[in-house]
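S.K.: Since the structure of chain V is already known, use the hints to place chains P, U, B, Y, Z and A on it.
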Amino acid sequence: MKLKPLHDRIVIRRVDDEDRSPGGIVIPDQARDKPQRGEVLAVGPGEPLETGQVRAPAVETGDVVLFGKFAGSEVNLDGEELVVLKESDVLAIINA
Amino acid sequence: MKLKPLHDRIVIRRVDDEDRSPGGIVIPDQARDKPQRGEVLAVGPGEPLETGQVRAPAVETGDVVLFGKFAGSEVNLDGEELVVLKESDVLAIINA
Amino acid sequence: MKLKPLHDRIVIRRVDDEDRSPGGIVIPDQARDKPQRGEVLAVGPGEPLETGQVRAPAVETGDVVLFGKFAGSEVNLDGEELVVLKESDVLAIINA
Amino acid sequence: MKLKPLHDRIVIRRVDDEDRSPGGIVIPDQARDKPQRGEVLAVGPGEPLETGQVRAPAVETGDVVLFGKFAGSEVNLDGEELVVLKESDVLAIINA
Amino acid sequence: MKLKPLHDRIVIRRVDDEDRSPGGIVIPDQARDKPQRGEVLAVGPGEPLETGQVRAPAVETGDVVLFGKFAGSEVNLDGEELVVLKESDVLAIINA
Amino acid sequence: MKLKPLHDRIVIRRVDDEDRSPGGIVIPDQARDKPQRGEVLAVGPGEPLETGQVRAPAVETGDVVLFGKFAGSEVNLDGEELVVLKESDVLAIINA
Amino acid sequence: MKLKPLHDRIVIRRVDDEDRSPGGIVIPDQARDKPQRGEVLAVGPGEPLETGQVRAPAVETGDVVLFGKFAGSEVNLDGEELVVLKESDVLAIINA
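Here the protein sequences come in this chain order: V, P, U, B, Y, Z and A.
So the first sequence is numbered by the working numbering: it starts at 66 and just counts up by one.
So the second sequence is numbered by the working numbering: it starts at 66 and just counts up by one.
So the third sequence is numbered by the working numbering: it starts at 66 and just counts up by one.
So the fourth sequence is numbered by the working numbering: it starts at 66 and just counts up by one.
So the fifth sequence is numbered by the working numbering: it starts at 66 and just counts up by one.
So the sixth sequence is numbered by the working numbering: it starts at 66 and just counts up by one.
So the seventh sequence is numbered by the working numbering: it starts at 66 and just counts up by one.
So here's chain V without its partners, still in its complex pose (with noise of 0.2 Å):
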């Protein structure tokens, strides 16, 4: 993976809908702000808190989580459309 991603944010790549697996979650196109699947490409080293400490991340490279449709920024990396987002976008880890 070329992105190494800043603190609490990781990189996300969008799994296809149609494909019900693993969790069998569809979610309707026309939805507005519905949550969306993707797989976990990389993650960052945690989020710096206040105190000094670093936050370890709840995530891993290859979870498949949910997340919101319009959060973070999205990038375009050797013609694959990624996301780049914060920890806290992500709603929850959806098992295999």
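The hints are simulated quantities; they were obtained by calculation from the structure and are not laboratory data.
In this text the structure is predicted, and so the values were computed from the model without any measurement.
Even for Gly, the Cβ is constructed at its ideal location relative to N, Cα and C.
Each hint should be verified, as a subset may be incorrect.
Claimed, not checked - With beta-carbon atoms standing in for the labels, derived distance ranges:
#, chain 1, residue 1, chain 2, residue 2, range
1, Z, D81, U, E139, 57 to 65 Å
2, B, G111, P, G117, 23 to 31 Å
3, P, F135, B, E146, 33 to 41 Å
4, B, G111, Z, G111, 31 to 39 Å
5, Y, E125, A, N141, 22 to 30 Å
6, B, V119, Z, R78, 49 to 57 Å
7, V, A121, Y, Q118, 27 to 35 Å
8, U, E125, A, N141, 57 to 65 Å
9, P, E146, V, E115, 36 to 44 Å
10, U, E125, A, A121, 46 to 54 Å
11, A, M66, P, V119, 45 to 53 Å
12, Z, D81, B, G117, 51 to 59 Å
13, Y, E115, A, G127, 19 to 27 Å
14, V, R79, A, M66, 56 to 64 Å
Said to hold, decoys possible - In silico lysine-lysine, DSSO-like type, Cα no more than 30 Å apart, as pairs:
#, chain 1, residue 1, chain 2, residue 2
15, U, K151, U, K69
16, A, K151, Z, K67
17, A, K69, Z, K69
18, B, K67, U, K69
19, A, K67, A, K134
20, Y, K134, B, K134
21, Y, K69, Y, K134
Stated by the list, open to error - Counterexamples of contact, computed for chain Y against chain A with all Cβ distances above 10 Å:
#, residue
22, M66
23, K69
24, L106
25, G127
M.R.: Same frame as chain V, now just chains P, U, B, Y, Z and A:
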């Protein structure tokens, strides 16, 4: 449960308002932003604090709770409409 | 009481303003956003602090309190209109 | 006093601006958002801090204070118009 | 001085801008929101901190200061126009 | 480098998006608020924390980073357009 | 210098943008909200922290700095236009 919520998020399945048990609460359908009832299906590990600690959740799986109608994000898992919201959006637990 | 409020939330039953006891407070009906009287029916365990501690509630069940007219969320429990609000929305306790 | 204010709230009875004692302050009636004078009737236990401590109030019952005209909430107790506001809305104590 | 400001508030008497001493500052009357000069008449005990401590004030009675034209609240004490503002609204002390 | 950024600010020189090395990222010109690539020319000493400590920067001179198109302030140094932004505006480091 | 800035404020005299030394930065006059150059004339004792400590300033008298065009407050001292701003409005120090 296929969803594993992060931090202080919880997953809820709405409980039909017409079904007046267990709390007997009736909320007119046309009500705007009135709290709704739901059953807690999954609970995250708790809210991360600035001190680096984690606050234990105050609800648990199986609780029937009141929450704001427009709180959280709706997701459709295997054809069932669920809501992912933060524990702070829960107003009260309805005792059985 | 069937509702168990979370954190620093409390459940209140409005007290009829026409009934001038116990505090003798009269608030004209047409008043906009004037405080209202209510009896505390249930009290949450207290406000969670960033330190991980919990602040003990300052009101208790049975207290008659003044609170903002539009504070909190209205719920209808067994046909009775109740209000779930945060303790910080309570202005004062009315001594009997 | 029938009202027991919570936390850092205080109860105030407006002092007639035409009566120029004790501070001799005159504030034209048509002034918009000019501070007003009032006598402190009741004082809450103090502001709860994030550390779990309580900050002792800086005003006491009997103080005549300056406060913002539109600060706080007006309540009518036994026919008398009172104001419940936060200590932080008090600008200064007027020395007798 | 009849006013005893609370916390980090101070009481100021505007200094005539036409009088160019002591700092020689001239601020055109038509200027909008330009800082103004004033003499500090009274100083509160200091800003209360979240730790429960009090921060000592950085100005003292007799200081001539620059402050925002629309900062604070104007009060009329014994016919004299004064300003009650927070120390954080003071930009600088003008050395004599 | 003539600019010495303060605190958690960094100085960046935009990298031509047509040049697809080193990360191969292509961001269409007409994109609105899409992240852009830039090379870090200078890094401040780090973000000052409320505790009085300083958080060490997470980027270093020479890093190629992704940052928000409209983040920071543009400055023109010796005819070259640079951007001064906060480290928190950096999304990710692009590995060479 | 007649002005003694409070806390984390500093006093700046704008440096003519036509004069391209020392940093050689040219900022077109018609630019909106582009940073400007200025020389630091006076520095306050530092930002007071919530802990009660004071953070030492990161700039010193004589520094030439970049700051936001509309940051701070303009004052006219002895016919000279100065700017009082907070250190956090300073983007970078320009090395001579």
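S.K.: Each hint should be assessed against the structure and marked as holding or not.
M.R.: Structure-based check of all given hints:
For the pair Z:D81 and U:E139, the supplied restraint of 57 to 65 Å holds, since their beta-carbon distance comes to about 59 Å. A hinted range of 23 to 31 Å holds for the C-beta pair B:G111 and P:G117, which are about 29 Å apart. The given range of 33 to 41 Å is respected by P:F135 and B:E146, whose C-beta atoms sit roughly 37 Å from each other. Under the hint 31 to 39 Å, the C-beta atoms of B:G111 and Z:G111, about 37 Å apart, fit the expected range.
Our hint of 22 to 30 Å for Y:E125 and A:N141 holds, since their Cβ atoms are close to 25 Å apart. For B:V119 paired with Z:R78, a C-beta distance near 53 Å keeps the hint of 49 to 57 Å intact. The given range of 27 to 35 Å is respected by V:A121 and Y:Q118, whose C-beta atoms sit roughly 32 Å from each other. For U:E125 and A:N141, the Cβ-Cβ distance of about 60 Å falls inside the hinted range of 57 to 65 Å, so the restraint holds.
Between P:E146 and V:E115, the C-beta spacing of about 38 Å keeps the proposed range 36 to 44 Å intact. One distance hint, 46 to 54 Å for the beta-carbon pair U:E125 and A:A121, holds here, with the actual separation near 48 Å. In this structure the supplied range 45 to 53 Å holds for A:M66 paired with P:V119, their Cβ-Cβ distance being about 51 Å. At about 55 Å, the CB distance of Z:D81 to B:G117 agrees with the hint of 51 to 59 Å.
Under the hint 19 to 27 Å, the C-beta atoms of Y:E115 and A:G127, about 36 Å apart, miss the expected range. Between V:R79 and A:M66 the Cβ separation comes to about 58 Å, which falls inside the hinted range of 56 to 64 Å. A hinted pair counts as satisfied when its Cα atoms are at most 30 Å apart, and U:K151 with U:K69 qualifies at roughly 13 Å. Under the criterion of a C-alpha separation no larger than 30 Å, the hint pairing A:K151 with Z:K67 is consistent with the structure, at around 22 Å.
Only pairs whose Cα atoms come within 30 Å are accepted, and A:K69 paired with Z:K69 is accepted, the gap being roughly 25 Å. The hinted pair formed by B:K67 and U:K69 meets the criterion: a straight-line CA distance of about 29 Å does not exceed 30 Å. Restraint check for A:K67 and A:K134: the C-alpha separation of about 23 Å stays at or below 30 Å, so the hint holds. Note on Y:K134 and B:K134: the hinted pairing holds, with a Cα-Cα distance of about 20 Å set against a maximum of 30 Å.
At roughly 22 Å between alpha-carbon atoms, Y:K69 and Y:K134 fall within 30 Å of each other, so this suggested pair holds. No Cβ of chain A comes within 10 Å of the Cβ of Y:M66; the nearest lies about 21 Å off, and the non-interface call holds. Distance check on Y:K69: its Cβ is at least 22 Å (rounded) from any Cβ of chain A, clearing the 10 Å threshold; non-interface status holds. No beta-carbon of chain A is positioned within 10 Å of the beta-carbon of Y:L106; the least distance is around 17 Å.
Every Cβ of chain A is farther than 10 Å from the Cβ of Y:G127; the closest lies at roughly 14 Å, confirming the non-interface assignment.
Violated hint for the displayed structure: number 13, the only one.
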